[in-house]
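Novice: Chain residues, written in single-letter form:
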Amino acid sequence: MNAITKNPKATLQSFEARFDTITDQTRKAALGALHRVGLPDRRVEEWKYTGLRFLTETPFAAPAQTYDAAQVQAELDRLGVTHGPAEALPRLVFVNGLYSAEFSRKPASAEVSFFAQTKSFGVQACPDRDPLTALNTTLAQDGVTLSVPENGDAGHVLLISIGQADAPVSFHPRHAVALAEGAKLSLTCIQAGQGRYLHNPVLEVSVAARAELQHVTVQAESDDAASLATLYAQVDEHGSYNSFVLGLGAALARHEVHATLAASHAQVHVNGAQRLRARQHGDLTSVITHAAPDCISRQTVRNVLDGQSRGVFQGKVLVERIAQKTDGYQMNQALLLSEQAEIDAKPELEIYADDVKCSHGATVGALDEDQMFYLRSRGVPYAEARQILIHAFLEEALALIPDETARALCSHIMAQRFPVSGEEA
Amino acid sequence: MTQFLEISGLCARIDADGQEKEILRGVDLTIPPGEVHAIMGPNGCGKSTLSYVLAGREEYEVTAGSVQFHGQDLLAMEPEERAAAGLFLAFQSPIELPGVNNANFLRTAVNAVRRARGQEELDAVAFLKAAREAAKSLSMAPDMLKRNVNVGFSGGEKKRNEVLQMTLLQPSFAILDETDSGLDVDALRIVAEGVNRMRSPEFSALVITHHKRLLDYLKPDRIHVMAKGRIIHSGGPELAEQIDTEGYTRFLAEAA
Chain A
1 MNAITKNPKA TLQSFEARFD TITDQTRKAA LGALHRVGLP DRRVEEWKYT
51 GLRFLTETPF AAPAQTYDAA QVQAELDRLG VTHGPAEALP RLVFVNGLYS
101 AEFSRKPASA EVSFFAQTKS FGVQACPDRD PLTALNTTLA QDGVTLSVPE
151 NGDAGHVLLI SIGQADAPVS FHPRHAVALA EGAKLSLTCI QAGQGRYLHN
201 PVLEVSVAAR AELQHVTVQA ESDDAASLAT LYAQVDEHGS YNSFVLGLGA
251 ALARHEVHAT LAASHAQVHV NGAQRLRARQ HGDLTSVITH AAPDCISRQT
301 VRNVLDGQSR GVFQGKVLVE RIAQKTDGYQ MNQALLLSEQ AEIDAKPELE
351 IYADDVKCSH GATVGALDED QMFYLRSRGV PYAEARQILI HAFLEEALAL
401 IPDETARALC SHIMAQRFPV SGEEA
Chain D
1 MTQFLEISGL CARIDADGQE KEILRGVDLT IPPGEVHAIM GPNGCGKSTL
51 SYVLAGREEY EVTAGSVQFH GQDLLAMEPE ERAAAGLFLA FQSPIELPGV
101 NNANFLRTAV NAVRRARGQE ELDAVAFLKA AREAAKSLSM APDMLKRNVN
151 VGFSGGEKKR NEVLQMTLLQ PSFAILDETD SGLDVDALRI VAEGVNRMRS
201 PEFSALVITH HKRLLDYLKP DRIHVMAKGR IIHSGGPELA EQIDTEGYTR
251 FLAEAA
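Heads up: the sequence lines are chains A and D, in that order.
Be aware that the first sequence starts at 1, since it is given in the UniProt record's numbering, and climbs by one per residue.
Be aware that the second sequence starts at 1, since it is given in the UniProt record's numbering, and climbs by one per residue.
Honestly, the hints are just simulated from the structure, not real lab data.
In this text the structure is predicted, and so the values were computed from the model without any measurement.
Think of the CB as a built atom: it goes at the ideal place given N, C-alpha and C, for glycine as much as any other residue.
Misleading hints may appear alongside valid ones.
[Claimed, not checked] Listed below are several chain A residues computed to face chain D (Cβ distance under 7 Å; list not exhaustive): (1) Phe373; (2) Ser377; (3) Arg378; (4) Gly379; (5) Val380; (6) Ala392; (7) Glu396.
Pulled out of the complex, with its shape left as it was, chain A reads as follows (with noise of 0.2 Å):
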């Protein structure tokens, strides 16, 4: 990391008092990065776009232990989980980045523990080159680890993370998936809460050869909130990982990932959505890394901005020498609503290998003035049509998940809070 920050240790201030009590090694190390460079400003290239000032502003406190039980469950009614399809679904939920038994349904067939016992930090995190990673690392309290063995397949599993902040709280969950040899697994993560707070995840994912891991990701944090999640993820040959992060909460949001095709044959997709408005702010990061040949990636992600919002998009596909035959594709669009709404794009192909088929492109636009008119001769009204076409340019995005319960689950989730009248939502 090439920070040049005058006083790392300024940026720092709003965790200091909690830095104090930090004794485990790992910890150690990580806190000595960040003390090193401090959090990265936007003279840091891959922080060109998005600034962390709003962390360095609010003093966040660890959150207490105790949680409002009330609300959780509110929560979980409004995103849907209780009711419905998801109603069934084994679900770990934590609040405020604790574990919370009462509310959660383990798995049957899948192997659960949690950070807090096993303090066991994966492998694939870099703190030191990974501010985010290295806050979390620092901080992380909880989290859980869930295992597929070989061959199982552990169905649809939810993973919720609830925030509540009457005052400023962060909270560093330390998560991983690990499937075995033709594993399978659906995982479905919900991030929402109430309040000012910093929901700061890192999740590491690791599929092994023929496993299958399909990973929805639905962040509708509270508008007040900060949220900034570090994926990991590493794929073994002929092993799939099917992602997807659908951005609508949180003032401030970064959504990273660092996937890595390990071994031939490994399939990887990375796409999303996001829809924001007023001063939102919305970063979708990633480096997908073919190092190994004949693996394939996709990615495609579609933006609508709205109000003063603005939507981040950073995709790096980088293939080493030795990844021949990659095929690699990779597609960022944005849909502006607003004359004050922004999309930054910055693709990135970084390629050493010679036979490769690796295609890239970014669409910025409006709405289509013939797709409105033609909505509005048939009787619909201007606001709705505009609903209609928005709805429709995500929707196609969301028809990439494959699993019908976790798309539905998304669907639901925006239709709350973007509702659009005339359909059923």
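The hints should help you fit chain D onto chain A, whose structure is shown.
Specialist: Below, chain D alone, put in the same frame as chain A:
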């Protein structure tokens, strides 16, 4: 009583690449209730522009003239208000709406119009029943309701989908802009039957076409010849035959 639809001295222009282009240069046309009129004329004469201006497309600037519809100032209304008031335009090139389910689209449109007309909205069951019946009468495959609006439809399927929308929206005045183009003989008959089923003392239509064939089915009350942004000649249904054999040359010469 005012006429059903009365267009007087209508002039309109469009901004084409920074150049103001006059397209309608004083259109006078009156359509009484219950009548079907046809407009024929050479390419570029302003037929489609007239249909767009009547439907409320914003790119066209009306510079003079007026349009009364049911005694209301049509040109002051938003496109959706015109639809609610009973006007329907069947597009020459229907627009594709990726990601928008055809049945949802139709139901949204029907209920928006019903709401605006002070009628009760149709629930999902009642709507689907009506939509399936209408689709069947137009020999449309049932799966066309499940597909995205016009996406991947053939030319003929798109035109049928326009007539389906008209059938469900129950307009009192429909403009059919070259709805016959690209249709084979069977499709043409089905579409024409769809329009004929709408005919009543309360329903009028303006049919824009190049071909006599559609008019053979629709049997219009009047035919108007349009050229250079104006109606230059009007007559009975026999005009279609005359234009079919002689072309427009004689009318153009008379108007010059």
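Novice: Are the hints correct? Go through all of them and say.
Specialist: So, going through the hints one by one against the coordinates:
no. : hint   : verdict
1   : Phe373 : holds, 6 Å
2   : Ser377 : holds, 5 Å
3   : Arg378 : holds, 4 Å
4   : Gly379 : holds, 4 Å
5   : Val380 : holds, 5 Å
6   : Ala392 : holds, 3 Å
7   : Glu396 : holds, 4 Å
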